[in-house]
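J.: In terms of my numbering, the numbers along the sequence shown are unbroken and rise by one, the last being 271.
Don't take every hint at face value.
[To be verified] List time: in silico SDA-like cross-link candidates among lysine to any residue, alpha-carbon distance up to 25 Å:
no., residue 1, residue 2
1, Lys150, Gln169
2, Lys105, Asp135
3, Lys205, Lys241
4, Lys241, Leu214
5, Lys147, Phe116
6, Lys147, Leu130
7, Lys154, Lys105
8, Lys150, Phe100
9, Lys85, Lys105
10, Lys105, Thr145
11, Lys150, Lys124
[Said to hold, decoys possible] Derived CB-CB ranges, DEER-like:
no., residue 1, residue 2, range
12, Glu170, Thr65, 20 to 28 Å
13, Thr65, Asn127, 45 to 53 Å
14, Ile41, Thr226, 22 to 30 Å
15, Pro80, Asp194, 19 to 27 Å
16, Gln253, Gly82, 50 to 58 Å
Think of the hints as simulated: they come from the structure by calculation, not from any bench.
Cβ atoms here follow ideal geometry from the backbone N, Cα and C, with glycine treated the same way.
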Amino acid sequence: MKELCVIYANCQGGGIQKFLEHHPSFSEKFHCHHISNFGSILEAKPLPYDLLAQASIFIYQPVSTKHGCYGTKNIIAYLPPGCIKISFPYIYNNALWPFFEEGEKIIGREPVDLLFADGISLRKSLNLFLQLQLDFNFSSRFEQTIKILKEKEKETDIKISKFIIDNLQETRLFYTQNHPTNVIFIYCVNQILDLLGSRPLALPKNFPDNFAQLPGLWPISPYDSTAFGYRFSRNDSGWEKFYRKLIIKIHLQQEHPPLTSLMENILFRFF
């Protein structure tokens, strides 16, 4: 009978699970159960204490005690003696694109807001953006997001910030701000396997793109590829359309908040 590996993390935990299960010796000995920390907190789901009590391995992203029973300090108390505990950070980077949607917010929109605040028209704002005339403060944003990640790494076994810095120019590391590519997942999983005394996974090129099957893809644009000196890509097709829609949305949120969805569709046909 296989031993149990419990993964307590956000959607990145599902990615960790998929790569671990692809490792022959790990999957031969263990089966994984992923508990969504974010989903559990958001929906106030009861925790499966019976599973926690059976775990031989517990892989987790630290959750603060402010979340009560969902805090990892509480959860760890229910693990059996001898359970191997391995922590990894929430891997997030909001600096790799000019701006993007995150829930109801548009992160990084400030330079576009300034254009409209100065009375610049939608058409001219779109032209300025497409002519690469805006400054999205990539350097300071990147430094800040890495600083936050390094702080999180102070309490985790798995480290990733230096790898991101060292490999940013060489290969795509993120599909969206919180959905890493195979490269990051494999680097993290190989650290886990090393702690368990197992051989590493195969190279990323041996896996299909987005093996973790996480949704979303923010396109690379000339803004970010130039700012970070990407050697693997200059831009993705469709980047202009992606950002044009968001600029129209920002404009409408300022001018006509109740009509955003309707007006966005109408204006997009004209710009």
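J.: Against each hint, give a clear statement of whether it holds in the structure.
T.: Status of each hint after checking the structure:
no.: 1; hint: Lys150 - Gln169; in the structure: 20 Å, holds
no.: 2; hint: Lys105 - Asp135; in the structure: 20 Å, holds
no.: 3; hint: Lys205 - Lys241; in the structure: 29 Å, violated
no.: 4; hint: Lys241 - Leu214; in the structure: 22 Å, holds
no.: 5; hint: Lys147 - Phe116; in the structure: 31 Å, violated
no.: 6; hint: Lys147 - Leu130; in the structure: 31 Å, violated
no.: 7; hint: Lys154 - Lys105; in the structure: 29 Å, violated
no.: 8; hint: Lys150 - Phe100; in the structure: 23 Å, holds
no.: 9; hint: Lys85 - Lys105; in the structure: 35 Å, violated
no.: 10; hint: Lys105 - Thr145; in the structure: 18 Å, holds
no.: 11; hint: Lys150 - Lys124; in the structure: 40 Å, violated
no.: 12; hint: Glu170 - Thr65: 20 to 28 Å; in the structure: 39 Å, violated
no.: 13; hint: Thr65 - Asn127: 45 to 53 Å; in the structure: 51 Å, holds
no.: 14; hint: Ile41 - Thr226: 22 to 30 Å; in the structure: 39 Å, violated
no.: 15; hint: Pro80 - Asp194: 19 to 27 Å; in the structure: 23 Å, holds
no.: 16; hint: Gln253 - Gly82: 50 to 58 Å; in the structure: 54 Å, holds
Hints 3, 5, 6, 7, 9, 11, 12, 14 from the list above are not met by this structure, while the remaining hints are.
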